[in-house]
Amino acid sequence: MSSSVAKGVGVVIGAVAVLGLLVLGWFATRPGPMAFVAKKSVALAAYDGKPSGVPPDFQETDPVARGRYLTLAADCQACHTAVGGTAFAGGRPFKTEFGTLYSPNITPDAQTGIGKWSDTDFLTAVHKGISREGKKLYPAFPYAAYTYLTDEDVLAIKAYLFTLAPVQNVAPENRLAFPFNQRWLMSFWSRLFNPDKRFEPTPELGAQWNRGAYLVEALAHCGDCHTPRNLLQALDNKNKFSGAVSDGWRAYNITSDPASGVGDWSEAELAQYLSTGHAKGRGTASGPMAEAVDLSFAQLTPGDIGAIVAYLRSVPAIRTSDLPATKNESAPLNPKEGLVANVDPQGKRVFAGACAGCHSWTGVSPLASHATLTGTRAVNDPTATNVVQIVLSGSTRQTPGGPLAMPAFGSAYNDREIAAVANYVTGRFGAKASTITAEEVGKLRETQKHGSDSDG
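Those letters in the sequence shown? Residues 6 to 461, per the working numbering, in order.
It is worth saying that the hints were derived from the structure and are not from the lab. Bear in mind the structure is a predicted one, so any value in this text is a computation, not a measurement. Backbone N, C-alpha and C define an ideal beta-carbon position, used for all residues, glycine too. Possibly wrong hints are sitting among the right ones.
Pair by pair, the computed Cβ-Cβ distance ranges are [unchecked claim]:
1) G343 - D62: 41 to 49 angstroms
2) N347 - Q238: 31 to 39 angstroms
3) G343 - T66: 14 to 22 angstroms
4) K133 - N347: 48 to 56 angstroms
Could you put the whole structure together from the sequences, leaning on the hints where they help?
In structure tokens, the structure reads:
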């Protein structure tokens, strides 16, 4: 190779390297989850209040009960339990565009769980994303949020987990495409996106706000579902809480935007939804959100629910462009009225046979407010993503008012029929009819294997 060619190659390589560094630097300077707060934060030790730990209205004093409460707030069971498996024994598959990840066993089994983990091992995993064996953990485990937890709270969670019965269970090996199967790359990801620091309160904003911030940003890690991600799969906090896709479901906008977010919800409605998974005239939680309610939010004290609501109210409004304001008017009782233009008539036939009995032709259920379609975000989502998912999978939950059951119709109807009924439902009861296709329904159907197909 001539010196001039070698020099040219060197220039190109150098330019690529510089460009790469600039790109990484750009990503590294993206705002953190609380960058929207204008007031000054302080170290936790310098703060008079106590946003961490259990809330003042938690009455139990037993250390195990306190650790259990924090474990519930962190929603550990949801990810570390396979469908039909033992709680916390791992093996739940998480399908991504890069392959399938499986959650590990976090029971105190010495061979297949965390029974041999020291306090330092556990803290390192939760705060830094590094396992006892030194493996770099994938950010499907939300250590970039858990890093804000205090050492005391992390060790309280560990203490509770160590009271569980040990379960021998080895999760399947992750199946990721190259280069995502190279764990060492997570070192760079962590340097860019894991701040590896504990929560810093903002005194001027008060005790309730700071408790809410600690719950939302650290324990409950709400951003992992409700904040979109950038090209490197880190949270894009410039669009904080404006909505994203999680496990094939849309996690909707929870900013204070009145049209596409929760800005026109009252505090009582938000609290009721978080506590029970339902707010009258607003909808009923399904999919991952229903799981979060049942396994986490419904177990929190009223004080903590109020703190979460207070914090959410402070997050700046961001408009989600493809979400119209919800339609709150009910449809006509007569099936022949309120016709949906340009929608496959098969959708109406499916609705008449499978849906009208519970949901009514008006969209206001005569049986239970949980089954009312009018005013719900999913029905007013022109992508119809969550409508299709709930039709496919159904929902069976225990609520304060008794059991709630929505049958699964995935095996009863084909993709074309489900697309047709979804388009009919959004058109009749929502602000804008969807145009989802049978092919798109088929792709969503594949995500239903998320919790049941241990082979990925």
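Hint check results:
1. G343 - D62: 41 to 49 angstroms: 46 angstroms Cβ-Cβ, so the 41 to 49 angstroms window holds.
2. N347 - Q238: 31 to 39 angstroms: 38 angstroms, holds
3. G343 - T66: 14 to 22 angstroms: 57 angstroms, violated
4. K133 - N347: 48 to 56 angstroms: Hint holds: Cβ distance 54 angstroms, inside 48 to 56 angstroms.
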